[in-house]
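Asks: Those protein sequences? They're chains B and D, same order as listed. Positions in the first sequence are counted from 1; adding 3 to them yields our numbering. Positions in the second sequence are counted from 1; adding 555 to them yields our numbering.
You may find that some hints are simply not true.
List of simulated lysine-lysine pairs, DSBU-like, C-alpha gap at most 35 Å [unchecked claim]:
hint : chain 1 : residue 1 : chain 2 : residue 2
1    : D       : 642       : D       : 766
2    : D       : 686       : D       : 569
3    : D       : 861       : B       : 105
4    : B       : 23        : B       : 186
5    : D       : 861       : B       : 91
6    : D       : 948       : B       : 87
7    : D       : 667       : B       : 105
8    : D       : 948       : B       : 91
9    : D       : 798       : D       : 732
10   : D       : 798       : D       : 785
11   : D       : 774       : D       : 618
12   : B       : 143       : D       : 569
To be clear, the hints were calculated from the coordinates, so they are not data collected in a lab.
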Amino acid sequence: MGQSGSGKSTLLNMLGLLDKPTSGMIAIDGIEATGLSDSEKAELRRYRIGFIFQSYNLLADLSVIENVMLPLMMARGTSSATMKESAKTILEKVGLVQQIRKQANQLSGGQMQRVAVARALVNRPALVLADEPTGNLDSKTSQDVIALMKELNRELQQTFLVVTHARGMFGAVDKIIALKDGKIEKID
Amino acid sequence: MDFRLYLALRFLAKRKGNFIASIIALVIGVMVILFNSLIFNGVAQGILRDITNYLFGDVLVTKNDGNFGSDGVQLMDYVKVAFPYVKGAAPRLSSIAWMNSTEGGVINEVDKIPVVGIDPNRDPQTSTLYKTVREGSSTISRGEIVLGGNVASDLKAKVGSRIDVRMISLQGNDVIKKFIVVGISRSAGIAFDNAAIMNIDDIRTMTNRPKEIDQILIKLTDSSFQYDLKAHLLRAYAQQNLKVQTIEEAGRDILAGIRSGIGFINLVGDFGLLSASFAIVTIMMLVVSSKTRDIGIMKSLGAKRKDILTIFVLQGLIIGCIASVCAFSIGTAAGLYLQSINFSFGSNGLALDIRYDSVFTLTSSLFAIPLGTAASVYPAFRASRLQPIEAMKLT
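Make the full structure from the sequences, and use the hints.
Replies: See the structure below:
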């Protein structure tokens, strides 16, 4: 957590290898990631990191199930039937199994964020990075998404690193890191 | 299915406007080349056919040092008997004439009109000149004349008109004779639209050149024997200083002009294809621009540069393949149709000899595939270089 401009999103983007640090290094699972090629970084993102964005970032041309299947398709080596089954299973967990044929842009904000959560988790990455996941949602929907992430964290044993302003999130997390002016101010 | 192909297909399906516009641009580019080839090769073949039929035959025999006399008749009879593939041989004799007609009390004159004399018995076996006679009769007895359409127009002469024809004899004397117009010849400019046709004996009499022949036209049942006949004649008449020309040689000047024109027009067609490829590059750039955010998202999910490159190049390949099939289908249908209708520009225009060429149609159509693919490479390359966070921020 931290005020606007404190560097939360920048930190998250760098941890997710979406952005390059101007100095210093990033290690993921003991791998020094800053020196990796674009292709190697893509491999790390593909298999080890899941993203949830404030603006959902679903592919509007794809259906709900296609969006969720996309990380599995990129990972390859899985049959179409297995991919569909895995996507349905995770969509069932986020309560959207009835919407799988809908286009992503036909859903409400809360539903789109649930799809984004499902997409981030479908290939079981070790780390899920969430940037303001409730930033565009009303309070009721925000509570639902936070509860969902907490439940999946417990059930699937995946680490969530969440950037947020939402007070409701604070009670749901194990550790809070406060940032100020690009530096860690406090860890609770 | 590979996710890159899957996404390429989904993106195309969801952007039907761009998809269809790209295909249309490519098809138009290929069709410009195909139609250029069909029409202008049709023109060239039509002219070749007409100059063969009207002017030179399949083989044209002249003498390097003057005209034939009675030896011309012997040569014609010889080739008819000796070579089973010779369909006919006919003499021609040319001159220049001055003509005038009096219509409604007004004298109309034309000067220095080329006149060709034909043998009305032999010529129809060798030439289809008679088919150019659109009004009146093509049978020309002595004292009768067929005027080219333009000459008839200048003289204001009609079938049945009487005209005075003046020629200069071999001795330099003016010889004037009255002729009756029995026909008007129109051939889209290939034959004698600016000339006149008369009985060969009239020219011989008026110019005092009895039995003279300046050209012998030989028509074959199969034109591929023209080189064989030429070789035989040059051997058999080695002492007579013959000039034996195939149609390609006799019509060299005419054909060279036409072919250089066709080459130029085909170049214009190639520019059409180049314009089409620019249109596709532009459309693909628009497609990529509209997909910037999606590219960022895909990269954040683990797509590599080559994956992004592949997705957009595949789109170009798919567009190229579909355009290729469309161009081949349209090109085949149009080619076969134009071939079947004896297409010509206007009722008196040159009848094009359009020949549908399936191999040329196929190769031209297949050209859409590398073109569509190549046109997508640059936009795809630009797309693949986008950093994920930049791509997502750009929207």
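Asks: Next, verify each hint and record whether it holds.
Replies: Results of checking the hints against the structure:
1. Of the supplied pair hints, the one linking residue 642 of chain D and residue 766 of chain D holds, its CA atoms being roughly 23 Å apart against a limit of 35 Å.
2. Between the alpha carbons of residue 686 of chain D and residue 569 of chain D the distance comes to roughly 59 Å, so the proposed pair goes past 35 Å and is violated.
3. Of the supplied pair hints, the one linking residue 861 of chain D and residue 105 of chain B holds, its CA atoms being roughly 29 Å apart against a limit of 35 Å.
4. Restraint check for residue 23 of chain B and residue 186 of chain B: satisfied, since their Cα atoms lie roughly 17 Å apart, inside the 35 Å limit.
5. Among the hinted pairs, residue 861 of chain D with residue 91 of chain B is consistent with the structure: their alpha-carbon atoms are about 29 Å apart, no more than 35 Å.
6. As the CA atoms of residue 948 of chain D and residue 87 of chain B are separated by approximately 31 Å, the hinted pair is consistent with the 35 Å bound.
7. Taking the CA atoms of residue 667 of chain D and residue 105 of chain B, the gap is about 85 Å. The hint is violated against a cut of 35 Å.
8. Distance hint between residue 948 of chain D and residue 91 of chain B is fulfilled; the C-alpha atoms sit about 31 Å from each other, no more than 35 Å.
9. About 33 Å separates the Cα atoms of residue 798 of chain D and residue 732 of chain D, which keeps this hinted pair within 35 Å; it holds.
10. For the proposed pair residue 798 of chain D and residue 785 of chain D, the alpha carbon gap of about 9 Å is at most 35 Å, so the pair holds.
11. Straight-line distance between C-alpha atoms of residue 774 of chain D and residue 618 of chain D comes to about 18 Å, which keeps the hinted pair within the 35 Å bound.
12. Distance restraint check for residue 143 of chain B and residue 569 of chain D: the Cα-Cα separation of roughly 33 Å lies within the 35 Å cut-off, and the hinted pair is therefore satisfied.
Comparing the model with each earlier hint shows violations of hints 2 and 7; every other hint is respected.
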